[in-house]
Amino acid sequence: TQLLEQSPQFLSIQEGENLTVYCNSSSVFSSLQWYRQEPGEGPVLLVTVVTGGEVKKLKRLTFQFGDARKDSSLHITAAQPGDTGLYLCAGALNFNKFYFGSGTKLNVKP
Amino acid sequence: DAGVIQSPRHEVTEMGQEVTLRCKPISGHDYLFWYRQTMMRGLELLIYFNNNVPIDDSGMPEDRFSAKMPNASFSTLKIQPSEPRDSAVYFCASIPKGGSAEAFFGQGTRLTVV
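Sequence lines, in order, name chains A and B. So in our numbering, spot 10 of the first sequence is number 10, and the numbers just go up one at a time. So in our numbering, spot 81 of the second sequence is number 1081, and the numbers just go up one at a time.
With a Cα cut of at most 30 Å, we get these calculated DSS-like pairs of lysine-lysine:
1. A:Lys-97 x B:Lys-1068
2. B:Lys-1097 x A:Lys-70
3. B:Lys-1078 x A:Lys-97
Calculated from the structure, these hints are not laboratory results.
Whole structure, please, built from the sequences with the hints as guidance.
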């Protein structure tokens, strides 16, 4: 059983559409991170959220940390083919031990 | 800095053989993590070190797996004997001093045990 559940597992959309990816847990995290991974590469950090209710924006990406620090969402506006990849959330139960979600595989078709 | 460097990038071995995966963290980073990634189980934390000392190895699947960090610039993950179910991509990541920051991942080692 995964500590962090991500949904959906797979998402295939057309360029220009909006999408939201969810990351849920019954555990409370001291911080939560979102990573993006491309084939043949390691995950690369997109954002870290620390405070419950925090919202961070990175160009067309909006990240939100739940008020209770148990869940998070990633919203992409006007998706582009370059957004294609595996999106992973990772929560820290203690200072440095991060647990990763199962990932959401996004494919954006031109 | 070249980033986290892992070797080899690909390894194919026969069941029962010993496999050693290598990692060079980013200079100055004092946390090092070993992860395993499979389609079924996603990215699993195996073990992590702080200042070359193993802090938590609760994710190591069984006694066939062992990890060492003899100095700040080198770590190994060894599987002996290897089994087909060990086939996965193994990642090494490092975090700067102070922790709770961005984890920098290597490109991974794709291990296939036949």
